[in-house]
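> For reference, the chains in residue letters:
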Amino acid sequence: MALLKSLSIRNIFSITHRAAVSSLRNYTTPAVAEDDDSPVDIVNPYKKERRQCILCKLNITPDYKNYRLLSQFQSPYTGRIYGRHITGLCKAKQALVESEISKAQNCAYLPYYYKDKAFLKDPKLFDPENPIRSHRF
Amino acid sequence: MPTYELALMLRTMPKPELKTTLTRISHAIFNSGGIIRNIENLGFRAMPYKTSSHSVVHREANYFVFKIDTATQAVADLKEEYSRDVDIIRQRVYKVQEKADHKCTLEEELLPAAYREDVQKMIELGKTQVNRFTYKFKYNSGLDYYPFQK
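Chains as they are written, first to last, in the working numbering: chain A, -4 to 132; chain B, 220 to 369.
Treat the hints loosely; a few may be bogus.
Unchecked claim - Taking lysine-lysine and the DSS-like style, the derived pairs with C-alpha atoms no more than 25 Å apart in a straight line are:
hint: 1; chain 1: A; residue 1: 86; chain 2: A; residue 2: 43
hint: 2; chain 1: A; residue 1: 60; chain 2: A; residue 2: 119
hint: 3; chain 1: B; residue 1: 318; chain 2: A; residue 2: 60
hint: 4; chain 1: A; residue 1: 60; chain 2: B; residue 2: 322
hint: 5; chain 1: B; residue 1: 314; chain 2: A; residue 2: 60
hint: 6; chain 1: B; residue 1: 286; chain 2: B; residue 2: 238
hint: 7; chain 1: B; residue 1: 238; chain 2: B; residue 2: 298
hint: 8; chain 1: A; residue 1: 60; chain 2: B; residue 2: 286
hint: 9; chain 1: B; residue 1: 346; chain 2: B; residue 2: 322
hint: 10; chain 1: B; residue 1: 357; chain 2: A; residue 2: 110
hint: 11; chain 1: A; residue 1: 110; chain 2: A; residue 2: 60
hint: 12; chain 1: A; residue 1: 110; chain 2: A; residue 2: 86
hint: 13; chain 1: A; residue 1: 86; chain 2: B; residue 2: 314
hint: 14; chain 1: B; residue 1: 322; chain 2: A; residue 2: 42
hint: 15; chain 1: B; residue 1: 357; chain 2: B; residue 2: 346
hint: 16; chain 1: A; residue 1: 112; chain 2: A; residue 2: 60
hint: 17; chain 1: B; residue 1: 355; chain 2: B; residue 2: 369
hint: 18; chain 1: B; residue 1: 314; chain 2: B; residue 2: 298
hint: 19; chain 1: B; residue 1: 238; chain 2: A; residue 2: 60
hint: 20; chain 1: A; residue 1: 60; chain 2: A; residue 2: 116
hint: 21; chain 1: B; residue 1: 234; chain 2: B; residue 2: 286
hint: 22; chain 1: A; residue 1: 86; chain 2: B; residue 2: 322
hint: 23; chain 1: B; residue 1: 340; chain 2: A; residue 2: 60
hint: 24; chain 1: B; residue 1: 322; chain 2: A; residue 2: 52
hint: 25; chain 1: B; residue 1: 340; chain 2: B; residue 2: 298
hint: 26; chain 1: B; residue 1: 314; chain 2: B; residue 2: 355
hint: 27; chain 1: A; residue 1: 60; chain 2: B; residue 2: 269
hint: 28; chain 1: B; residue 1: 234; chain 2: B; residue 2: 269
hint: 29; chain 1: A; residue 1: 52; chain 2: A; residue 2: 119
hint: 30; chain 1: B; residue 1: 298; chain 2: B; residue 2: 286
hint: 31; chain 1: B; residue 1: 234; chain 2: A; residue 2: 60
hint: 32; chain 1: B; residue 1: 286; chain 2: B; residue 2: 314
hint: 33; chain 1: B; residue 1: 318; chain 2: A; residue 2: 52
hint: 34; chain 1: B; residue 1: 234; chain 2: B; residue 2: 298
hint: 35; chain 1: B; residue 1: 318; chain 2: A; residue 2: 86
hint: 36; chain 1: B; residue 1: 322; chain 2: A; residue 2: 43
hint: 37; chain 1: A; residue 1: 112; chain 2: A; residue 2: 52
hint: 38; chain 1: A; residue 1: 112; chain 2: B; residue 2: 269
hint: 39; chain 1: A; residue 1: 86; chain 2: B; residue 2: 340
Hint data in this document are derived by calculation from the structure and do not stem from the laboratory. A quick note: this is a predicted structure, and the numbers were derived from the prediction, not measured.
Please model the complete structure; the sequences and the hints are all you need to start from.
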């Protein structure tokens, strides 16, 4: 009985497989000559998507008045700005973040040597323990 | 006239007084031939560090941002005038940056070092210069003596 069952299943499989293959063939071959076996010029389907930094992806321009966002790029222990190898920002955005943080600190929106207690539980944009490039420390 | 942002920290004071202070500040702008685009109130809150101005220590401030259009020469005069104002604890003027159309270059920055453009430039620069680690003085340089100390 079991043997019969497996046989029948295999039969069905082979039939469906053949059908699928034939349909695929019909689909893939365009109206151009079928016997032409030259490679087809198509866009690389395995090409990876272009990576973007988080600020470019969300289209955010850092501003010194938005000090809550800027405080996320500060260390909670020392208030220092995390480097590009940790934040994962592109060069231009990192430079902008750094200049805006120094502006905000100058305007007394942000502290210099610590992070505001109210912002300590903000979501983490990156993990300082796992930098993109290795630490010096 | 370029657009500037005037970030002001005002001392703790009751509302009517704050109103007169703000009108005084804006009149100074108008008198110097400027216009105010908008005024933002960022609220009254504790400053992250204490600030002493006009021999008084302040720990809280009213935060205001004025977006103004004035002549560049007038900015220094405004700053000087505000520095004499006892109600203003701290003031900063920043030029408003225009929105730059910028494309993310993270993909190029994450390439291995040999493929990065800035590294390739450094290598090219290095090739044009004398490598001081491999440089050796040539004795057939026309001099009949070794010019340096041995």
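> Against this structure, judge whether each hint is valid.
A quick look at each hint next to the structure:
1. Distance restraint check for residue 86 (chain A) and residue 43 (chain A): the Cα-Cα separation of roughly 21 Å lies within the 25 Å cut-off, and the hinted pair is therefore satisfied.
2. Of the supplied pair hints, the one linking residue 60 (chain A) and residue 119 (chain A) holds, its CA atoms being roughly 20 Å apart against a limit of 25 Å.
3. Of the supplied pair hints, the one linking residue 318 (chain B) and residue 60 (chain A) holds, its CA atoms being roughly 16 Å apart against a limit of 25 Å.
4. Taking the CA atoms of residue 60 (chain A) and residue 322 (chain B), the gap is near 23 Å; set against the 25 Å cutoff, the hint holds.
5. With a C-alpha separation of about 13 Å, the suggested pair residue 314 (chain B) and residue 60 (chain A) falls inside the 25 Å cut-off, and the hint holds.
6. For a cut-off of 25 Å, the pair hint linking residue 286 (chain B) to residue 238 (chain B) stands: about 18 Å separates their Cα positions.
7. Between residue 238 (chain B) and residue 298 (chain B) the alpha-carbon distance is near 20 Å, which keeps this suggested pair within the 25 Å criterion.
8. At most 25 Å may separate the alpha-carbon atoms for a hinted pair to count; residue 60 (chain A) and residue 286 (chain B) meet this at roughly 12 Å.
9. Restraint check for residue 346 (chain B) and residue 322 (chain B): not satisfied, since their Cα atoms lie roughly 31 Å apart, outside the 25 Å limit.
10. For the suggested pair residue 357 (chain B) and residue 110 (chain A), the alpha carbons sit about 60 Å apart, so the restraint of at most 25 Å is broken.
11. Of the supplied pair hints, the one linking residue 110 (chain A) and residue 60 (chain A) holds, its CA atoms being roughly 16 Å apart against a limit of 25 Å.
12. Straight-line distance between C-alpha atoms of residue 110 (chain A) and residue 86 (chain A) comes to about 24 Å, which keeps the hinted pair within the 25 Å bound.
13. The hinted pair formed by residue 86 (chain A) and residue 314 (chain B) meets the criterion: a straight-line CA distance of about 22 Å does not exceed 25 Å.
14. Note on residue 322 (chain B) and residue 42 (chain A): the hinted pairing holds, with a Cα-Cα distance of about 20 Å set against a maximum of 25 Å.
15. Annotation: proposed proximity of residue 357 (chain B) to residue 346 (chain B) holds, straight-line Cα distance about 20 Å (limit 25 Å).
16. Of the pairs offered as hints, the one joining residue 112 (chain A) and residue 60 (chain A) holds, with about 18 Å between alpha carbons and a cut-off of 25 Å not exceeded.
17. Pair hint residue 355 (chain B) plus residue 369 (chain B) holds up; C-alpha atoms about 13 Å apart against a cutoff of 25 Å.
18. Restraint check for residue 314 (chain B) and residue 298 (chain B): the C-alpha separation of about 14 Å stays at or below 25 Å, so the hint holds.
19. For the given pair, residue 238 (chain B) sits about 22 Å from residue 60 (chain A) by alpha-carbon distance, which is consistent with the 25 Å threshold.
20. Distance restraint check for residue 60 (chain A) and residue 116 (chain A): the Cα-Cα separation of roughly 20 Å lies within the 25 Å cut-off, and the hinted pair is therefore satisfied.
21. For the proposed pair residue 234 (chain B) and residue 286 (chain B), the alpha carbon gap of about 22 Å is at most 25 Å, so the pair holds.
22. Restraint check for residue 86 (chain A) and residue 322 (chain B): satisfied, since their Cα atoms lie roughly 11 Å apart, inside the 25 Å limit.
23. The straight-line distance between the Cα atoms of residue 340 (chain B) and residue 60 (chain A) is roughly 37 Å, outside the 25 Å bound, and the hint therefore fails.
24. Between the alpha carbons of residue 322 (chain B) and residue 52 (chain A) the distance comes to roughly 10 Å, so the proposed pair stays at or under 25 Å and holds.
25. Simply put, residue 340 (chain B) and residue 298 (chain B) have alpha-carbon atoms about 44 Å apart, too far for the 25 Å limit, and the pair is violated.
26. The hinted pair formed by residue 314 (chain B) and residue 355 (chain B) fails the criterion: a straight-line CA distance of about 54 Å is larger than 25 Å.
27. Our distance criterion of 25 Å between C-alpha atoms is met by residue 60 (chain A) and residue 269 (chain B), whose separation comes to about 19 Å.
28. A distance of roughly 22 Å separates the Cα atoms of residue 234 (chain B) and residue 269 (chain B); the hinted pair therefore holds under the 25 Å criterion.
29. The hinted pair formed by residue 52 (chain A) and residue 119 (chain A) meets the criterion: a straight-line CA distance of about 16 Å does not exceed 25 Å.
30. Between residue 298 (chain B) and residue 286 (chain B) the CA atoms are separated by roughly 15 Å; this keeps the pair inside 25 Å, and the hint holds.
31. At roughly 23 Å between alpha-carbon atoms, residue 234 (chain B) and residue 60 (chain A) fall within 25 Å of each other, so this suggested pair holds.
32. Between residue 286 (chain B) and residue 314 (chain B) the alpha-carbon distance is near 10 Å, which keeps this suggested pair within the 25 Å criterion.
33. Taking the CA atoms of residue 318 (chain B) and residue 52 (chain A), the gap is about 16 Å. The hint holds against a cut of 25 Å.
34. Taken as a hint, the residue 234 (chain B) and residue 298 (chain B) pair is honoured in the structure, with Cα atoms around 24 Å apart against an allowance of 25 Å.
35. Between residue 318 (chain B) and residue 86 (chain A) the CA atoms are separated by roughly 17 Å; this keeps the pair inside 25 Å, and the hint holds.
36. Between residue 322 (chain B) and residue 43 (chain A) the alpha-carbon distance is near 18 Å, which keeps this suggested pair within the 25 Å criterion.
37. For the given pair, residue 112 (chain A) sits about 28 Å from residue 52 (chain A) by alpha-carbon distance, which is inconsistent with the 25 Å threshold.
38. Taken as a hint, the residue 112 (chain A) and residue 269 (chain B) pair is honoured in the structure, with Cα atoms around 16 Å apart against an allowance of 25 Å.
39. In summary, the hint linking residue 86 (chain A) to residue 340 (chain B) is supported, as the alpha carbons are separated by about 17 Å, within the 25 Å threshold.
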